[in-house]
Amino acid sequence: MNATTIQDKTSTLGGSRAGMSSVDLPRLAAALVIWALLLSAPFWLPLVGGYTVLGTRVLIFALVTLGLNLLLGFTGGLSFGHAAYFGLGAYGTGLMLKFVTASTPLAILVGVLVGGLAATLLGPITVRRKGIYFAMITIAIGQMFYFIAVRWNSLTGGEDGLTGFARTNVHFGGWTLDLHNPTNFYYFTLFFFAIGCFVVWMVLRSPLGHTFVAIRENPKRLRFLGLPIGVYIWIAFAISGFVAALAGSLYALLNNFTSPEDMNWILSGDFVIICVLGGMRTFWGPLVGSVIYVVVQDYLSSITVNWMSFIGAIFVLSVLFFPWGLLGFFQGRFKK
Amino acid sequence: MSIFDFEDYKINRRTLLKTSAAVGASTLLYPAMSAFAKSDDPIKIGQIDPQTGTYAALGGNQIAGARLAVDQINAKGGVMGRPLQLLVEDSAANVGQSVQKARKLVNRDKVHFLMGAVSSSVALAVSQAAQDMNTIYMDIGGHADAVTGDKCSWNTFRTCSTTWLLTAGDFQAIFDKYGKRWYFITPDYSFGHALHHDYLTQLKKAGGTEAGNALAPLGTTDFSSYLIKAKSANPDALIVLGAGDDMINTLKQATQFGLNKSMGVGGPMMELEVLQSLPDAARYGMWNMEWYWDQPNVPHVADFVDAYRKANGGKTPTARSWFGFASAHALALATEKAKSLDAQKVAKALEGLELPPEVALQPNKAIYRAGDHQLIGSEYPGTIKSGGKYPDLFQVTDVVDSSKIARSVEEKGCRITYPS
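Chains A and B are the protein sequences, given in the same order. Residues in the first sequence are numbered from 1 upward in steps of one, following full-length UniProt numbering. Residues in the second sequence are numbered from 1 upward in steps of one, following full-length UniProt numbering.
Be aware that a few hints might be false.
Unchecked claim - Each pair of labels, with its calculated beta carbon distance range:
hint: 1; chain 1: B; residue 1: K229; chain 2: A; residue 2: F310; range: 40 to 46 Å
hint: 2; chain 1: B; residue 1: A75; chain 2: A; residue 2: A102; range: 47 to 53 Å
hint: 3; chain 1: A; residue 1: M144; chain 2: B; residue 2: I228; range: 22 to 28 Å
hint: 4; chain 1: B; residue 1: G212; chain 2: A; residue 2: G312; range: 38 to 44 Å
hint: 5; chain 1: A; residue 1: V170; chain 2: B; residue 2: T417; range: 23 to 29 Å
hint: 6; chain 1: B; residue 1: Y418; chain 2: A; residue 2: G164; range: 18 to 24 Å
Just so you know, these hints were derived from the structure itself, not from any lab. Keep in mind that this is a model prediction, so the values were computed, not measured. Even for Gly, the Cβ is constructed at its ideal location relative to N, Cα and C.
This is chain B alone, in the form it adopts within the complex:
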């Protein structure tokens, strides 16, 4: 009774019908897949970002920002006279899946550039895979120092801040206001470890002490055991290092435990997505942002906010939206400057590239540093507005010029060598 016992195998009308229906259905799938290929020879960017899972909201905004940039670029005639095309793949913030998608985008879809990532683990892994495939990779939103530090590579650039910049942005403010005994809640992967390490370095230098450090796996939903430990350690400040849904869950539960009554709460990275999802009672503390939509004195910001709201049903752009927006523009600008799609030539063009004001959207200069491929721009430390209404939830107290707080390329341990 093997399927291939052909002597008993008779094609009858019904089998024929079924088979042809199946074949017909399968051919239907293909045009949908390759519809894009019909336009004349577009320049393709493959974006790998989480659309599901803990970081879905953050990834979604990075994609929306990139889409807006691509639309703007195409409206102005594309890149080198060719249309720019964005191919989006879901990473689910899962490292294995992201590497697989990176290879698929390059091997099957023949994209010229890769970009994306919210999770630092994904950024590190895709950076390496892209290097294997001799492709430029723009890390949009994975922050760990190593991406442009000791694991930097010629093909990888980064738009969002390093973990060092995030922590240096508001360290002094938190230290001065809350005190010097800190308790950390750290997501247990490269991003969390890097943030913890960077804060601790500064804390020790300033004469503070660590009251404890709880490592929580990515995607933890119940933080009570960590919060109980934090409460019994009785620190001056509770430092929350998570992002996305992790951050939301930590703050909601910290509020239920009343921790914010007995200690200061803060951290290196607050995002509008998180603030929007928090109940009013859980909105407090001192934080750092990487970009903020409300910058009345900076030209072009209001235009960007309007254009983004129009394209996204009234949603206000977040730092993530700006990362995606700036990254897509940077790739297009560098390609135009290099007059080539050759990965090494574009990489050289990206080195030292200064974002024009309508892309940079900040008071300070934003430049991809040549030595480590890190964008050096601004940090926006501040406090949460209590009783604020979306999107007006954050009060920026200071705009820090990142070039003043960034560590040098040598300190970060990055050496970029191009393959011959």
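Just chain A, with the same shape it has in the complex:
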């Protein structure tokens, strides 16, 4: 929802906060409604035919695409390789739990660092290219990690995937959080989702975020102004890599399992589809896209083996009729 303000401000680079200071009650109300729905999800999900684990999956996909969207929607970098950082987070966490420690928070920390640092280190290579070449090189790097996971049998379990680890309970002083309970794990995930949202939101409303949007809108002009564009895209790439790794880490804990498919470019493509479906110029677009994608996949895949064609059809229709995604579409209509 910040997007709108930022979009309006694209010309005033690094802009003043004038847009933010005007009281924005409707936007606040929307955020409150979304958070209320998320907080109460375990109670209303069964009533509409869902189940708690489905809600957790939605949150995880929303988190990774929120991170990706910082790069894709706000900075204008089409990455087809974010599953790699997602998967590195998952493997980092899984391997920690399996071989090193029984502490879930520590495993998450390691997962986030592994995935995030990989994105940070590889960022400079990718940001030297733009457009389709940027997309290609992100695919190539992503697939590199995928093949490492497939071939390094002794460590990753190869195509069989990584098994033999399980999330453990979290202790705060004398109090224990039982993570085996799906509802508790939902709230555990929601907590990290909230952190992810906060980070991305803070970035977007800062001068840094405004610069990202400016890069998307007119990189040439910024270059003339003497800004090191590559450095800024690199920062966006790194932040989104950290967020993706956090989501991957939670995904490994959700399934107590991870496999090379969690790094495959197909999953990267799914992330992009989610962003586009929901609306990649909007803050909550990834969440909306994730709800659609995860729920449609969950229900349709029980009914037909051709569920992917329905996702494809939805995607095509959405690109034809809502090129800015569902949220973008509604925003466009109601603004007038």
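Chain A is already provided as a structure; the job is to place chain B on it using the hints.
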């Protein structure tokens, strides 16, 4: 222009119509999903099998076999007086998707049992997920030793053979006929690795040597680079360890390369699905099967074949069909025996369960061994009938009693402990 800029938001007639249409459409979806819940309190089996991808044909037959069993059981009054219901999910032989489906079946659909798998990777992963959820899992068709070996668990049972049984079924026959230098084409995941390891153990013991081993990823379509290597190694026997479409592609291309002219070809697992899809020129070699439809001297087999053909438009049951059939029956029998749906009680009832003749459909006894939860039945080594017509494509030369060749529970490294 946020969507929630309510001051500009006016509901007009058109918006209202659109919204109500959308809501109406979404409510239409739900009855279709929950229609089953209306019948009185069925006992549910969740089956996860590939309906798409490399193993689609194999998975499809496992499902057809299970369906036939469920229909038979319901026709006879169900289990404990309750109807039995089969919920099928597509795994696409993809491990991540299978784990997700397993959790969905237990969490959303509240199934009492899980079964399925063609790929061993899937079997291992679902076994672990089922253990997390305190649910019985019947591995129908994932063969790797580990499932009932060093990765065995109290909740997991298996109907199909171990990779050891597959390789031991025809090792001696291939060794005697073709010779002692073997070249392997191995699918690069747990199933292939296990088969390779098991053959190699026996080969070395018998004084043979390995001429080479090519690891091919699951779902490879072009095997030429592996076949060229095999040809230049010039072994006595080319051993093909794949399954499903992988096996079909390997054999078709091996024929084009003329490999079968210069070396013997064979392997541990031939299936009727594969034979049916092969051109006549690519049907050759010595293989092992796990069940065969043509057993004239075994009672009930002909009845099963007829019933299956009737239910499936004339298709002949394969080993996969029998796996699905026997697995569903075994779960029902054990539940009936335990008089309970409690996972641990049913697991105890499955331990040592002997399949009755109309389910076992083989000359030897078929028993779920208590120590490792592995069904010990029969192997059917033999040769392909050249010029045969579907479904009469395989000549079983010997029916091996698996209890004579199986490794002991200790050798397999399985120790089953129940959670307290």
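Okay, the hints, checked on the actual structure:
| no. | hint | in the structure |
| --- | --- | --- |
| 1 | B:K229 <-> A:F310: 40 to 46 Å | 43 Å, holds |
| 2 | B:A75 <-> A:A102: 47 to 53 Å | 50 Å, holds |
| 3 | A:M144 <-> B:I228: 22 to 28 Å | 27 Å, holds |
| 4 | B:G212 <-> A:G312: 38 to 44 Å | 42 Å, holds |
| 5 | A:V170 <-> B:T417: 23 to 29 Å | 26 Å, holds |
| 6 | B:Y418 <-> A:G164: 18 to 24 Å | 19 Å, holds |
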